[in-house]
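Protein chains in written order, with our numbering: chain H, 896 to 1227; chain X, 896 to 1227.
In short, the hints are calculated from the structure, not lab data.
Heads up, some of the hints might be wrong.
[Stated by the list, open to error] No more than 16 Å apart at the CA atoms, straight line, and that leaves these computed lysine to aspartate or glutamate pairs for EDC-like:
| id | chain 1 | residue 1 | chain 2 | residue 2 |
| --- | --- | --- | --- | --- |
| 1 | H | K1146 | X | E1148 |
| 2 | H | K1157 | X | E1173 |
| 3 | H | K1146 | X | D1084 |
| 4 | X | K1146 | H | D1150 |
| 5 | H | K1195 | H | D1121 |
| 6 | H | K1157 | H | D1203 |
| 7 | H | K1195 | H | E1182 |
| 8 | X | K1157 | H | E1173 |
| 9 | X | K1195 | X | D1084 |
| 10 | X | K1103 | X | E1128 |
| 11 | X | K1146 | H | E1148 |
| 12 | H | K1146 | X | D1121 |
| 13 | X | K1146 | H | E915 |
| 14 | H | K1209 | H | E915 |
| 15 | H | K1146 | H | D1121 |
Number of protein chains: 2
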Amino acid sequence: MGPIPDMMRAVVAEGSGGPEVLRIIERPVPRPGEGEILVRIEAAGVNRPDVLQRQGGYAPPPGASDVLGLEFSGEVVATGPNVHRFRVDAPVMALVSGGGYAEYAIVHESNALPIPAGLSMEEAGAVPETFFTVWTNVFERGRLRRGETLLVHGGTSGIGTTAIQLARAFGATVIATAGTADKCDACTDLGADVAVNYREADFVAAVKEATDGRGADVILDMVGGDYIPRNHEVAAQDGRIVQIAFLQGSKVEVDFRRLMLKRLTHTGSTLRPRSVAEKAGIARALEEKVWPLLAQGRCKPVMDSTFDFDDVAKAHARMDGGEHIGKIVLRL
Amino acid sequence: MGPIPDMMRAVVAEGSGGPEVLRIIERPVPRPGEGEILVRIEAAGVNRPDVLQRQGGYAPPPGASDVLGLEFSGEVVATGPNVHRFRVDAPVMALVSGGGYAEYAIVHESNALPIPAGLSMEEAGAVPETFFTVWTNVFERGRLRRGETLLVHGGTSGIGTTAIQLARAFGATVIATAGTADKCDACTDLGADVAVNYREADFVAAVKEATDGRGADVILDMVGGDYIPRNHEVAAQDGRIVQIAFLQGSKVEVDFRRLMLKRLTHTGSTLRPRSVAEKAGIARALEEKVWPLLAQGRCKPVMDSTFDFDDVAKAHARMDGGEHIGKIVLRL
Chain H
896 MGPIPDMMRA VVAEGSGGPE VLRIIERPVP RPGEGEILVR IEAAGVNRPD VLQRQGGYAP
956 PPGASDVLGL EFSGEVVATG PNVHRFRVDA PVMALVSGGG YAEYAIVHES NALPIPAGLS
1016 MEEAGAVPET FFTVWTNVFE RGRLRRGETL LVHGGTSGIG TTAIQLARAF GATVIATAGT
1076 ADKCDACTDL GADVAVNYRE ADFVAAVKEA TDGRGADVIL DMVGGDYIPR NHEVAAQDGR
1136 IVQIAFLQGS KVEVDFRRLM LKRLTHTGST LRPRSVAEKA GIARALEEKV WPLLAQGRCK
1196 PVMDSTFDFD DVAKAHARMD GGEHIGKIVL RL
Chain X
896 MGPIPDMMRA VVAEGSGGPE VLRIIERPVP RPGEGEILVR IEAAGVNRPD VLQRQGGYAP
956 PPGASDVLGL EFSGEVVATG PNVHRFRVDA PVMALVSGGG YAEYAIVHES NALPIPAGLS
1016 MEEAGAVPET FFTVWTNVFE RGRLRRGETL LVHGGTSGIG TTAIQLARAF GATVIATAGT
1076 ADKCDACTDL GADVAVNYRE ADFVAAVKEA TDGRGADVIL DMVGGDYIPR NHEVAAQDGR
1136 IVQIAFLQGS KVEVDFRRLM LKRLTHTGST LRPRSVAEKA GIARALEEKV WPLLAQGRCK
1196 PVMDSTFDFD DVAKAHARMD GGEHIGKIVL RL
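Kindly produce the complete structure, drawing on both the sequences and the hints.
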């Protein structure tokens, strides 16, 4: 490792559109401020919000970098004032609100985490976004408890594969939906008790059957559209529905009488605009509850494919195609 | 007080329709079973669900009496096996899933409560339904905290007047909506910081103005219809909307993107079908947290009018008319 250069390569979207709008440009290497660390990135995860941002549908929150990328792994190469936990050379993974598709990035040390034993740098770069998202939505917001049933849509997405493993590890029954027989097999291989091919079966009927008519206690949904009233229908009494995206639209007619009579809780959240302090709270909970599971190999990021940094457009095309199972990662 | 008779007078709806379908009939006096007390009723509260039941829109839950009435006050006149708390002659108020419009009723002793000092029997008969409803929905389900803002629709209803007082007593800012200037005055007299006449002002704009654009942290809604998207609009970041009825319909188109981006929680509940054990849990919380406030006069049921038992049809006509402010009670 040589000295820290002044300039680095980074990916932005020039205009909006398909993977062809992605450009690798030169940017100054950022300097760590109060409480921040500078990381030389080794792997950067590709996530659905990156695709939405590229398509022009998801502007970075105020103050965030316009460089794509919400998570990475790498080594600390410099620290700002009042950094207490991580030193130069420490391997870390981190969640950021932008700037991950680059050779270097800064992050507040509270939003970085050590890399558990047994995880490669590529795997570590694929962890933060989905693990933070699943923890805060399924376990904190959705309050999933041992013995309950989780229904997770998009079971083979990065979010889905993480939700299946964590829910199983914490003693829940897991039902996943996916769009092909192969994807359904991937879900059950990861620990899902039931996988429903939504192209061939009505997930409402399938979940009711699998739960003796009770329904699902927690539903993690990124589909929206007509899934919203169907989620209300398939939720158990006192069920919680957590909305994290709307791949099929967010505007829909619902009869809220069912929500009242079944005492449902419909909520949702997005991770990116949350404050450093809020993300630090999620990081602490993950390190306490989930990092031991990663270290023991009881859960791990499901890796779909790795692309060279120069092939970032190919990585996005892979996600656009929807054939992937698990995480897509850029290698630097 | 003489011996307990075999038969009693009680009110049922013969068919469904206006107040004229109410009939005072003869019924056997019920006998207290395991853990139950028999109460000679002195006052019975009239509630909106009684009107809905009379209109044919709200059948009693399985196992509940077809005699109208969800709350009453009176004196214990007999006890079943394994009753530990209340003895014959004890004055009590109670929440029931039916049977309140009658000379006698049975209730599990865990769903009865002592009458705080300073409350008349008529006032006591007007307490349970609204206090149980407000406690479980605003404080338990909605998690209203000191310093937060509650928006309560229907501020002069039994529920509304109770919610205004309790929210103020627990340190929240309260904004109420009501349909006339007099009703708005009644809301502020009870402690509401702001009252919005919904016929003259848009409550969304009024609440935003009153909260410097923040919105309401908890919204208690019994209106539904187009109030649902407007509640989503006026809710603060991390706001909770609790739905307890739908006076204007429950089917509506909503853009759930706002729910996700603001991390709202939309939930709701009904009290009547809940188990004796669940109602007992609410009763314990009320006795601990709210009964001292009633005893100190820091809150009390707002009494609209009292009708003789024989005038039950007039009492319902008063509620149908919508002119009332606070509770309507039958006196036995």
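Each hint tested on the structure:
At most 16 Å may separate the alpha-carbon atoms for a hinted pair to count; K1146/H and E1148/X meet this at roughly 7 Å. Taking the CA atoms of K1157/H and E1173/X, the gap is about 15 Å. The hint holds against a cut of 16 Å. Taking the CA atoms of K1146/H and D1084/X, the gap is about 40 Å. The hint is violated against a cut of 16 Å. Pair hint K1146/X plus D1150/H holds up; C-alpha atoms about 4 Å apart against a cutoff of 16 Å.
Proposed proximity of K1195/H and D1121/H is contradicted: the alpha carbons are some 32 Å apart, above 16 Å. A threshold of 16 Å between alpha carbons decides the hint, and for K1157/H with D1203/H the separation of about 49 Å lies outside it, so the pair is violated. Annotation: proposed proximity of K1195/H to E1182/H holds, straight-line Cα distance about 14 Å (limit 16 Å). Between K1157/X and E1173/H, the direct Cα distance comes to roughly 15 Å. Compliance with the 16 Å bound is thereby established for this hinted pair.
As the CA atoms of K1195/X and D1084/X are separated by approximately 13 Å, the hinted pair is consistent with the 16 Å bound. Annotation: proposed proximity of K1103/X to E1128/X holds, straight-line Cα distance about 10 Å (limit 16 Å). Between the alpha carbons of K1146/X and E1148/H the distance comes to roughly 7 Å, so the proposed pair stays at or under 16 Å and holds. Proximity of K1146/H to D1121/X is assessed by CA-CA distance (about 14 Å); at most 16 Å being required, the pair is judged to hold.
With a CA separation close to 43 Å, the supplied pair K1146/X and E915/H exceeds the 16 Å bound. This hinted pair checks out: K1209/H and E915/H have alpha carbons roughly 9 Å apart, not beyond 16 Å. Between the alpha carbons of K1146/H and D1121/H the distance comes to roughly 9 Å, so the proposed pair stays at or under 16 Å and holds.
Checked against the numbered hints given earlier, the structure breaks hints 3, 5, 6, 13 and satisfies all the rest.
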